[in-house]
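Undergrad: Quick note on the working numbering: the sequence shown kicks off at 8 and runs consecutively.
Hints are supplied without guarantee of correctness; some may be wrong.
Here are the simulated SDA-like cross-link-like pairs (lysine to any residue), alpha carbons at most 20 Å apart as the crow flies [said to hold, decoys possible]:
#	residue 1	residue 2
1	82	287
2	66	337
3	283	245
4	283	306
5	104	116
6	104	214
7	242	225
8	82	301
9	277	312
10	242	216
11	364	329
12	56	388
13	66	287
14	56	356
15	242	231
16	242	277
17	319	378
18	283	265
19	319	150
With beta-carbon atoms standing in for the labels, derived distance ranges [to be verified]:
#	residue 1	residue 2	range
20	94	267	47 to 53 Å
21	66	281	37 to 43 Å
22	340	307	36 to 42 Å
The hints are simulated quantities; they were obtained by calculation from the structure and are not laboratory data. Note that CB positions come from ideal geometry on N, CA and C, so glycine has one too.
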Amino acid sequence: MNVTHSHTLRRWWNIPRSILLSEAILAATAGAVAAAPSGSIHLTAAQEKALNIQSVHLKTQIIHPMLTLYGELRKNPDSIWTVSSPLAGVVLNMPGKRWPQLGTAVVRGSSMARIQPMVSTSLQITLALELTKVKADLTAAKVTQSTTTAAFSRAKTLYAQNNAVSLEQVQTAQAAMAAADARVRADVQSIAAISQQLKTKSGAILPLPFLHNGTVTDILAFPGQAVAADQGLLKIEDFHTLLASVALPASNSGTVALRTAVRVQVLGRKHWITAKPLTVAARADRQTRGLSMLYLINNAGALRPGMAITAKVPETRQAVAMVIIPRSAVVWWQGEQWIYIARGGGVFAMRELIDPKSVPGGYAISDLSLRAARIVSHGAQLLLTMQLSSTLKKSG
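All chains should be modelled from the sequences, with the hints used to inform the complete structure.
TA: Written out as structure tokens, the structure is:
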């Protein structure tokens, strides 16, 4: 094959450069490859060895029918919470730390925000008036305390001298003195509490620790901003668990095992993830008008809500025996999947796969007649390339 023909082959059949034969292999096989009318290709023993063509017998496996559904990852509502201010005040960041940004990871027990309590002017006036009143009550209570203390002392002395004072009178004086003492203590505590509340305008600053690990997904306030009590500051989400939402068409609602775990693959990722059944979504899918199934995923990686997914959902139909074809044996041609069957004597025939089911490691088909055949497991793409090359030579 010359360079011009190589460029023509890639342009006409859109074959990547990586799968074309090297110039040395093409030179060794040129002129001896024939494309039979049946769609087969014939190689000599030397050519098979040079191309390292390998074939295997296929195995059967009991396959549970699967339905391929599509959907997306969603947030887990149980893993979303908001850091709120417990009281009115001014938002401050922690000393030596920046205010959290979107995507900032937070650690349980740490603090990135604090609140400086703030008392409104009207409340300050009310508290000041209340403080004046309580101080006046304290003055009166102390006078009463002094009077009742003297009365109890006098009654106790007269009772001891047996000077016409009964025990009941002594007990009454003692109770009056105790009530006066309690009133004084209550007023003193009220004055301390009101005074402390008035001082909070420029007093202690309250840190707000994170109670869970997570990631900042929304910023609701910034340092220096005045906030009310219960006002949200930061929204935190934990992505260690996500919900896989898949659309189940109404026509398949009775054929799917809803209580069975499913396999989920995120678009652009190689590995499949096991998802546990959770519940049926409250709303039907807008496109299929069927059910929206929710499954729980343990996210150990960097998966995020909104990613598109493909789910393999088990059907309730009985499992059947199917032939398993290795993924390396399958080639794509004109939008369909094909394999090469080794007929013996260097003859390799193309065969289209009818309704292949994707399974781990390859594809499953229901045609059990292939169990007796040998399938090219290594070098199938080379055979297709050579067959297309021979076809182009003849057409030219």
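Undergrad: Now tell me if each hint is right for this structure.
TA: Results for each hint:
Taken as a hint, the residue 82 and residue 287 pair is honoured in the structure, with Cα atoms around 15 Å apart against an allowance of 20 Å. Using a Cα cut-off of 20 Å, the hinted pair residue 66 and residue 337 holds, with the two alpha carbons roughly 15 Å apart. For the given pair, residue 283 sits about 18 Å from residue 245 by alpha-carbon distance, which is consistent with the 20 Å threshold. Taking the CA atoms of residue 283 and residue 306, the gap is near 12 Å; set against the 20 Å cutoff, the hint holds.
A hinted pair counts as satisfied when its Cα atoms are at most 20 Å apart, and residue 104 with residue 116 qualifies at roughly 15 Å. Taken as a hint, the residue 104 and residue 214 pair is honoured in the structure, with Cα atoms around 13 Å apart against an allowance of 20 Å. Taking the CA atoms of residue 242 and residue 225, the gap is about 5 Å. The hint holds against a cut of 20 Å. The hinted pair formed by residue 82 and residue 301 meets the criterion: a straight-line CA distance of about 11 Å does not exceed 20 Å.
A threshold of 20 Å between alpha carbons decides the hint, and for residue 277 with residue 312 the separation of about 18 Å falls inside it, so the pair holds. Taken as a hint, the residue 242 and residue 216 pair is honoured in the structure, with Cα atoms around 13 Å apart against an allowance of 20 Å. Between the alpha carbons of residue 364 and residue 329 the distance comes to roughly 10 Å, so the proposed pair stays at or under 20 Å and holds. Taking the CA atoms of residue 56 and residue 388, the gap is about 15 Å. The hint holds against a cut of 20 Å.
Restraint check: the Cα-Cα separation between residue 66 and residue 287 comes to about 38 Å, which exceeds 20 Å; the hinted pair is violated. For a cut-off of 20 Å, the pair hint linking residue 56 to residue 356 stands: about 18 Å separates their Cα positions. Only pairs whose Cα atoms come within 20 Å are accepted, and residue 242 paired with residue 231 is accepted, the gap being roughly 18 Å. For the given pair, residue 242 sits about 32 Å from residue 277 by alpha-carbon distance, which is inconsistent with the 20 Å threshold.
With a CA separation close to 26 Å, the supplied pair residue 319 and residue 378 exceeds the 20 Å bound. Taking the CA atoms of residue 283 and residue 265, the gap is near 10 Å; set against the 20 Å cutoff, the hint holds. About 85 Å separates the Cα atoms of residue 319 and residue 150, which puts this hinted pair outside 20 Å; it is violated. Range check, residue 94 to residue 267: about 50 Å between beta-carbon atoms, so the 47 to 53 Å window is met.
Roughly 24 Å separates the CB atoms of residue 66 and residue 281, a value that falls outside the hinted 37 to 43 Å. Here the CB-CB span from residue 340 to residue 307 is close to 39 Å, well matched to the stated 36 to 42 Å.
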